[in-house]
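There are 2 protein chains.
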Amino acid sequence: MAATPSTEPGRHVVVVGGGFGGLQAARGLRSADVRVTLVDRRNFHLFQPLAYQVATGELSAVEITTPLRQILRRQKNARVILAEVKAFDLDRRVVVLDELPNGARSLELPYDTLVVAGGSAYSYFGHDEWAPFAPELKSLEGALELRARLLTAFEAAEVETNEDDRRAWLTFVVVGAGPTGVEMAGQIAELARDTLRRDFHDIDTGTARVLLIEAADRVLTSFPTRLSRRAARALEKLGVTPMLQTTVVGVTADAVELMAADGTHHKVKTRSVVWAAGVTASSLAGLLASAIGAETDRAGRVLVEPDLSLPGHPEVFAAGDMVAIRGAASLPGVAPVAMQQGRSIAKVIRTGERKPFHYVDKGNLATIGRSHAVAEIKGLQLSGFLAWLTWLGVHLVYLIGFQNRLLVLLRWMFSYVTRGRGARIIQHSGTTPPRKP
Amino acid sequence: MAATPSTEPGRHVVVVGGGFGGLQAARGLRSADVRVTLVDRRNFHLFQPLAYQVATGELSAVEITTPLRQILRRQKNARVILAEVKAFDLDRRVVVLDELPNGARSLELPYDTLVVAGGSAYSYFGHDEWAPFAPELKSLEGALELRARLLTAFEAAEVETNEDDRRAWLTFVVVGAGPTGVEMAGQIAELARDTLRRDFHDIDTGTARVLLIEAADRVLTSFPTRLSRRAARALEKLGVTPMLQTTVVGVTADAVELMAADGTHHKVKTRSVVWAAGVTASSLAGLLASAIGAETDRAGRVLVEPDLSLPGHPEVFAAGDMVAIRGAASLPGVAPVAMQQGRSIAKVIRTGERKPFHYVDKGNLATIGRSHAVAEIKGLQLSGFLAWLTWLGVHLVYLIGFQNRLLVLLRWMFSYVTRGRGARIIQHSGTTPPRKP
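Quick note, the sequences are listed as chains A and B, same order. In this text, residue positions in the first sequence follow our numbering: the first is 1, and each later residue adds one. In this text, residue positions in the second sequence follow our numbering: the first is 1001, and each later residue adds one.
Excised from the complex, chain A in its bound form (with noise of 0.2 Å):
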């Protein structure tokens, strides 16, 4: 190995991660003397910030995922493997990688430059008892199982007769009201008022009950507060019901039970529970933090020079949710930061200038239901119609992929205007088939 491996040409940068971070820094060197390889454990990019809408029934899984082989098949210098990884030996330079697609259980890919964009999980505040009850709305499976989850409870409220029953199955319980909470509630409240009330006969689904649960005191936090309350107003119009200064402190197959701030416990009947709060960082943060030596913040994350580099590794860099800047405010866990971060790797590797990386806020945006959403861009805040349509074509402009796009858009033309859910299919797994004709 050169000493200054970053500026000799022909050398081999592996990418872990094809999220947002990841696929930034891997296509921003698409035109750099060096080999890049992507490493991930899934062959796809998903486009997260939709997939609460898989989880609905709006959009199927397909839509908002784009194979990584596709997104960078005309990069001439990019190879991908299929592969978790199980751990980075920084004096060796080499990533070891696990599970790989033939089933060998180990292979070493030696680097010169290491980019690392794991990304962030929901974590359920250290009781991961509750995760059997409580799928997330971060992984495609996680969605895959909510819609599922979602719809049987429907299914199940129709051919309940007890009544108390009955509205278990028809209470909804999301946990955080950040942006994603936030979508999903008001579209499980869509759901349940719009799409499927003609489609059963021994329930009315207009009567569910969607609650929203936030320990802080107003829903999305990193909004101004006057966005906050018109979300709030807006969620309510829709049938949902915020639970403000509200914890969760149990969670089982068939309740919830909840804090208030005062202390008093209470607990609502529900069969479905959607968790979209604690942000924790990809184990990946850990596995760096301990190769050298340094420990993860609470959320999980790994501190990283100003420049995105691991302290000590100028040839190690971390992208995304993931990490903390030394010295600088945390930036919120959104794909605007993870992109921007991953260009500016890709610029450094490119051309071995450290400049600190500096984030660029452009702007917050959030949807709730149809046709409402709030947006605060550059001081600018926004509320209602036009910020929907601003919402909608941002999102739209994200997505990877022409076909993808077109396809979202037409779905979202037909939800609008029928007012339905072209993906509400109850789909069981892929792996397991059952076998019974």
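Don't read these hints as lab results, they were simulated from the structure. Treat the numbers as computed from the prediction; the structure is a model and nothing was measured. Possibly wrong hints are sitting among the right ones.
Said to hold, decoys possible - Calculated from the model, a selection of chain A residues having no Cβ within reach of chain B, i.e. all distances over 12 Å:
1) Glu236
2) Thr241
3) Met339
4) Ile377
5) Gln403
Stated by the list, open to error - Only part of the chain B face toward chain A is listed, based on derived beta-carbon distances under 7 Å:
6) Glu1155
7) Arg1405
8) Leu1407
9) Phe1414
10) Ala1423
By construction, the Cβ of each residue, glycine as well, lies at the ideal position given by its N, Cα and C atoms.
Assemble the complex: chain A is given as a structure, and chain B must be docked to it using the hints.
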């Protein structure tokens, strides 16, 4: 119960199965003075003839499915129950349901008239131990499982360093050269030669072998010999190797064992086997037969009267792949037969006139890759581009829902122009989300 329930107004018709036959029966009763209850264990109708296109990443699961409730939402006299059928009690006139969505293990559903249309599945010639290594291509679950396996096989070949193993990963075996097997083999060849060719760096996906195994002496035995020959030639041009007069005598995780007409055995190393052979009727046929003390035929079908009613039970009807009509020639296991039988049953129930069922054969179609198909329409034999356009039109017309039709048409246009396949994601189970972030 009245002595002649089939003429009493407001009587209850239970239809079991939301496939082609069951749906036509239910919809054929929309203006009849009856109550209709459709029972299915899935909440959607599957357009089975295109399931193989989900398996190769051409279409998404959602695009070939329609929620049953959506199909019947405008039919005021119809309702839907999601459940498995456990038993038929013909004396008491009740269907016993199981695995209800609310977790209940049993529900008795009384009927005045019963229609059973459970369809069929592929059987493994009595070798159910082959199933884990050779997913079938009739259910949505099978198609999704196959999609994940086929795409993973290419990923495995890319990282495999042993030349022998790599060749095994790039060998695809399709068992059964009926329309489904032929279409699937053609699509795998196109996937390898066109779609994926530029996606991989270390392998040439165009070297993939696709073997199509058929016990008979020609492919597409339900077509005239001339069209079989043309189809075989078209398959070979695509890179498929039809192996005729060959039977499968063993399937393991890494090989299939074949027996040629001369009795010689022959092992092919492969990691991907697609099962599309050995049709067997739904287990509901067996339940019906044993309810009247009869036996099913060799293909597991129940014998019905010419009006499709069960012998001795004029109030019970059965339709589709799971029935054989007394004294009539065996009908092909295709959607038009099931649909016409469903409509015929609805008419008998509506009018009370017990006319024998008569199948009107409108033709036979099978496509072999991009812009090639064979068709036999009222004696007219077509092959090539015109047959392909016919195939395309017919499938779009019969696909349920304007939205699905438009989206499928768009996907086909995209893949025709770009030779791409938009839905090539390896989608893991929607029921067991991987928790590791």
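Broken hints, by number: 5, 7
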